[in-house]
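Trainee: If you want the building blocks of each chain, they are given just below.
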Amino acid sequence: MIPLSEDPFYLIEKWLKAKEFLVIGKSIQRIDAFEKVTGKAKFMEDYVLPNMVYVKLVLSSEPHARIKAIDVGRALKIRGVVGVLTAKDIPGENQVGYALPDQPLLAEGKVRYAGEPIALVAAEEPEIAFEASLAIKIDYEPLPPLLDPLEAMKRTDVLVHDERGSNIAFTTRVRKGDVTEGFRVADVIVKNEYRTQHQEHAYLETEGALAIPEIGGRITIISCAQYPHLAQAITARVLGIPASRIRIVQPYIGGGFGGKDDMGPLVAAKAALAAYKIGRPALLIYSREESMKSHCKREASIIRYKSGATKEGKLTAIEVEIIMDTGAYANRGPFILWRATMHASGPYEVPNAKVDGYCVYTNKVYQGSFRGFGNPDVQFAAEAQMDELANKLGMDPVEFRLKNILRPGSLTITSQLLDHSVGIAEALEIVAQRASWKEKRALYSKMKGRFRRGIGVACAWHGISTSRGVPDWSNAFIKIEKDGSIHVFTGIVEIGQGSPTTSHVQIVSEVLGVPVNYINMYFGTSDAPDTGATHASRGTSIGAIGVLVAAAKLRERLNKLAAELLECRPEEVIVRNGKAFVKGREEKYIMWKDLIKEAYARGIEMSATGFFFLPKGTFDHEKGQGFAYPAYSYIVNIAEVEVDIETGIVRVLRMWPALASGRIINPLAVEGQIEGAIAQGMGLALMEKVEFDERGVVINANFTDYVVPTIMDMPKVEKPVYVEDLFKYGPFGAKGVGEMALIPTPAAIANAVTHAIGIRVTELPLTPEKVYFLIRKRKMKG
Amino acid sequence: MAIFYLLPRFNYYKPKSLNEALKLLNDLENSKVLAGGTDLVLDMKIGRYKPENVIDISHLNELKYIKDDGKSIRIGAGTTLQTILESNIVRKKIPVLAEALEIMGSWQLRNVATIGGNLCNASPAADTAPPLMVLEAQLKLESIEGARYVPITKFFHGPRITELKRNELLTEIIIPYPPSNAGMKFLKLGRRAAHTLSIVAVATLITIKDDKFDIVRIALNSVAPTPLRAYKTEESLKDKPINLNVIEENVKRVAEEIKPISDVRASAEYRKEMSIVLTRDAILESLKMLNVKIGGEEF
Ligand SMILES: Cc1cc2nc3c(=O)[nH]c(=O)nc-3n(C[C@H](O)[C@H](O)[C@H](O)COP(=O)(O)OP(=O)(O)OC[C@H]3O[C@@H](n4cnc5c(N)ncnc54)[C@H](O)[C@@H]3O)c2cc1C
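Those protein sequences? They're chains A and B, same order as listed. Here the numbering used here is used: the first residue of the first sequence is 1, the next is one more, and so on. Here the numbering used here is used: the first residue of the second sequence is 783, the next is one more, and so on.
What the hints contain is simulated information worked out from the structure, not anything from laboratory work. What you are looking at is a predicted structure, and each value in this text was computed from that prediction instead of being measured. Among these hints, one or two may not hold up.
Which chain A residues face chain B? A few, computed with CB under 8 Å, are given here [as the list claims (entries may be wrong)]:
| # | residue |
| --- | --- |
| 1 | 287 |
| 2 | 700 |
| 3 | 710 |
| 4 | 769 |
Straight-line Cα separation of at most 27 Å, DSSO-like style, residue types lysine-lysine; simulated pairs [said to hold, decoys possible]:
| # | chain 1 | residue 1 | chain 2 | residue 2 |
| --- | --- | --- | --- | --- |
| 5 | B | 1034 | A | 779 |
| 6 | B | 1041 | A | 777 |
| 7 | A | 777 | B | 1034 |
| 8 | B | 827 | A | 77 |
| 9 | B | 1041 | A | 779 |
| 10 | B | 832 | A | 77 |
| 11 | B | 846 | B | 922 |
| 12 | A | 770 | B | 1034 |
| 13 | B | 1075 | A | 448 |
| 14 | A | 137 | B | 827 |
| 15 | B | 832 | B | 947 |
| 16 | B | 1070 | A | 448 |
| 17 | B | 936 | B | 1020 |
| 18 | B | 1054 | A | 448 |
| 19 | B | 1054 | A | 770 |
| 20 | B | 1034 | A | 448 |
| 21 | A | 777 | A | 392 |
| 22 | B | 827 | B | 796 |
| 23 | A | 137 | A | 77 |
| 24 | B | 832 | A | 137 |
| 25 | A | 770 | B | 1041 |
| 26 | A | 777 | B | 1054 |
| 27 | B | 1054 | A | 779 |
| 28 | A | 716 | A | 440 |
| 29 | A | 448 | A | 438 |
Idealized CB from N, CA, C, for every residue including glycine.
Kindly produce the complete structure, drawing on both the sequences and the hints.
Mentor: See the structure below:
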């Protein structure tokens, strides 16, 4: 048995109960701020080496074709070309699919989308690599491309993956109660089809990796991955060497949003392949166009949604069909679909539910992780339905939501009992008040003239951690050096959000009672214990449990020691500002440095790991019921818009966010996440869309033709409302916020636009053109 | 650091004077002039142009000025957009140009991009074109043989095709003082609030006589192979009484004068509709500048 003082459950609960804080909940400055503002911070490109080779991708020009031959002869003859690598040069497995084993690192036998990597060219100079990439001739035998997921679902004569026998890659389901009965007792029923589009991550820094061969057959990779240990595992698999020979180091990363969760390992493996075969450091950086053509995108979904409610405003049933275009590969599509399916009800209690999800292959760039992970689409649909039901019932949308909203004790659509940490009702009530919801809703309903205002609300929930019984854990390694300075190792990466550079520092500082400048973070590396990925809003929640537990273990040991030295009980020891003293008797103290010296002298271990394995339940796929997620984070966004009905231009004027995401460790950092997420969600709502030509080739693979919002498009984002509904396993009760504000943003904006123009919008993005023609079709009364 | 595009190899020339530049331009085959490079360098990277020789004129102070000669404003072709935007002469006398510049690209871009480059690049979406067209600017085209002047309305022949002969440089933009009491406006509709290419942009310049439209000038971009003047619409408004119904009725003609295409930014149909809306709005805004109360129904 582990002693209590080393038991993660005991330690997590102990710190969850803390009432007063030194640094938790404070907006401390991020430790990377100065470096970044002054341009000293190092990103992948800053690690270039003198004798490296430059690697360039060769991408497929065809959406669907058999590769008959790859002629590299002419390229190899170019002076300065060091090597050309194709699938047959891969020493290990050419298999990198995450959810399903369907994806090669480099195309083999067949290409499945225009933009698929086929070969790598390495040369002494980037210009030479570029030139050589054009000299590679690929002989294709074209196959008919499938571009429409609805068509692809039906067809078996053309298959994106021949060996799978169907273009449906994956299905999901939820079954709760009896929907027929649910609709029978409904007084109102609403049925609609919703569509969302592919969104580009548009990170400032494109994908890249620098792989460096080291002594002893080891390879160090400076990469841009969101999960160093996954980059390590995939590279090891591709090269056919033990994972322990591969070391991943993540410098600061110029944005990921999920894209680098999927791409990071694949790019690391490509650079490593070149370095391994050529024996020299190899640098691979994607151009913007290569990035936009070949990296995964936010899924495009078709959602058919039917819901019913009683006169009293109680939901009776939902029936939902979700079809996601996963493109050429499943990638994480099945997981994305799973999440969308389990969240299909929105954060509401509904007694009868039937949800079916289909993840469908097409010959387009594949679907992948993107902030929100399938949830923004489904909340867009669910929240439109809620407004339409309220409308039919003649009820205020907020009131209607409050009648159905999840509360402690509610059962989800998978019949999971929510026993704690459900603060959304309070968040909705407070934020509606702050936004003067009732008054504005009434006022804007009566508006006439050219510029119409609308106010819309959307709620969302987001399961934290991995789904079902899929293992999830946290870890970290902390050592206190002899001089008292503290070294923290975590696999969580710094991707702009500030988890390892801010909230982790705060957690360690709080638990150990030392000033933040005692702490040195060593983050984003496979040298740290596997901490899981920096995705799913988990950097400061699940990702930081390890840091908390490791620090708490050390604190237990130090309290015991200090109690001995100060002649008191361990629970009486306070450590603050690098000084340990007896509670209420500050004159009885020992300085932190001396305490650590003493620990070393007495043989007390001053290093600890913080492993924590999350308890989970099981989900029955056949029944479509069971345990989905350990807890949910919640958010409400209220959006106020103005629509110019003569041009269709939508301006988002104000946003009121309200979070029920457990403890807010650093409010300033959370505000940063909220504002960024709103910008990105607004892009999805109003303007962003990856466009394909009739062959499935991306035609706006550049920032002239693909637009993202600018600062001038941003609404005023009001100070967030926080309902701190603590999660029992979160560090200090934190649940995670990174994705949250994006999830209901398209829904809130769409509902506000609908309110403004009096026409239900069901398809994103709401470009001026789309809104204009919607209005014209309905010939608005002046 | 790492390059993504192959910038084709070329000979680079940095003439010390305008004369030397003209001489180089005359003597060198297959050459391109480089001003701010915000169009040219990108176009070279994507392989649109593969010049053997590049003649850099970006440092030539002879081409950087804004002068008021008492009857016109003269702008050197090498003047950056930001310099023009910040010029008091421009803001006061020809605010319609400043309005266009204000929403072109970003501050960083405007600090390198030149007005000559915007015109000579001859993009259908060039934003300085509509205001200069309603201002009836003259362009000074120079070669070693001498100078000639062409009205801006004759300058654009097609997308990226201009009146310039291969040995000619655009050196000056001459903008005659607008008629006194002219109201003018530039409006641009893009896919986002800033830093965007237009779906359609409109410039208008209006004067009134005896409560009727007198001079009416309308120019648009992004709705045809070149920026253009909507002469027929202008004509139909001239001498008409000023009220909303008249304006709304007549601006519809704009749709017949343009030849928009569908692209990733917008469909041809939407461009047509928006040309009408923006033209109307720009006329109303121009009238507002003249403190004209507009009769007709509220819109
Ligand atoms: C991010 C970004 C945003 C942009 N936003 C806008 C916008 O909002 N609106 C808009 O209209 N444009 C926009 N542009 C396009 C471009 O910046 C402008 O057209 C700019 O004014 C070009 O000027 P330049 O000095 O950079 O021209 P360059 O690129 O140097 O030259 C352009 C062309 O003109 C020729 N040329 C230049 N000067 C002369 C001369 N004196 N005589 C003869 N030929 C000459 C060159 O040979 C070349 O063919 C944008 C560009 C970028 C990259």
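Trainee: Is residue 770 of chain A within 27 Å of residue 1041 of chain B, Cα to Cα?
Mentor: This hinted pair holds, its Cα atoms lying about 21 Å apart.
Trainee: For the pair we were handed, residue 936 of chain B and residue 1020 of chain B, check the Cα-Cα distance against 27 Å.
Mentor: holds, 23 Å
Trainee: Going straight from one Cα to the other, do residue 832 of chain B and residue 137 of chain A come out at no more than 27 Å?
Mentor: Since the Cα atoms of residue 832 of chain B and residue 137 of chain A sit roughly 23 Å apart, the hinted pair holds (cutoff 27 Å).
Trainee: Taking the closest Cβ pair, is residue 769 of chain A under 8 Å from chain B?
Mentor: holds, 4 Å
Trainee: Can you confirm whether the C-alpha distance between residue 137 of chain A and residue 77 of chain A stays at or below 27 Å?
Mentor: Measuring from Cα to Cα gives roughly 13 Å; hence the hint holds.
Trainee: Identify whether the interface hint at residue 710 of chain A stands, where standing means a beta carbon of chain B within less than 8 Å of its own.
Mentor: With a closest approach of 5 Å, the residue 710 of chain A hint holds.
Trainee: Given the hinted pair residue 1070 of chain B and residue 448 of chain A, is their alpha-carbon gap at most 27 Å?
Mentor: holds, 22 Å
Trainee: Using Cβ atoms only, decide whether residue 287 of chain A comes closer than 8 Å to chain B, and label the hint accordingly.
Mentor: Where the cut-off is 8 Å and the nearest Cβ of chain B is about 3 Å from residue 287 of chain A, the hint holds.
Trainee: Under the criterion that the straight-line Cα-Cα distance not exceed 27 Å, is the pair residue 777 of chain A, residue 392 of chain A satisfied?
Mentor: holds, 22 Å
Trainee: Would you check the hint for residue 448 of chain A and residue 438 of chain A, treating anything up to 27 Å between C-alpha atoms as holding?
Mentor: holds, 19 Å
Trainee: Holds or violated: are the alpha carbons of residue 770 of chain A and residue 1034 of chain B at most 27 Å from each other?
Mentor: Satisfied, since the Cα-Cα distance of roughly 21 Å is no more than 27 Å.
Trainee: So if I understand the rule, the pair passes when the alpha-carbon distance is 27 Å or less; does residue 777 of chain A with residue 1054 of chain B pass?
Mentor: holds, 16 Å
No hint from the list above goes unmet by this structure.
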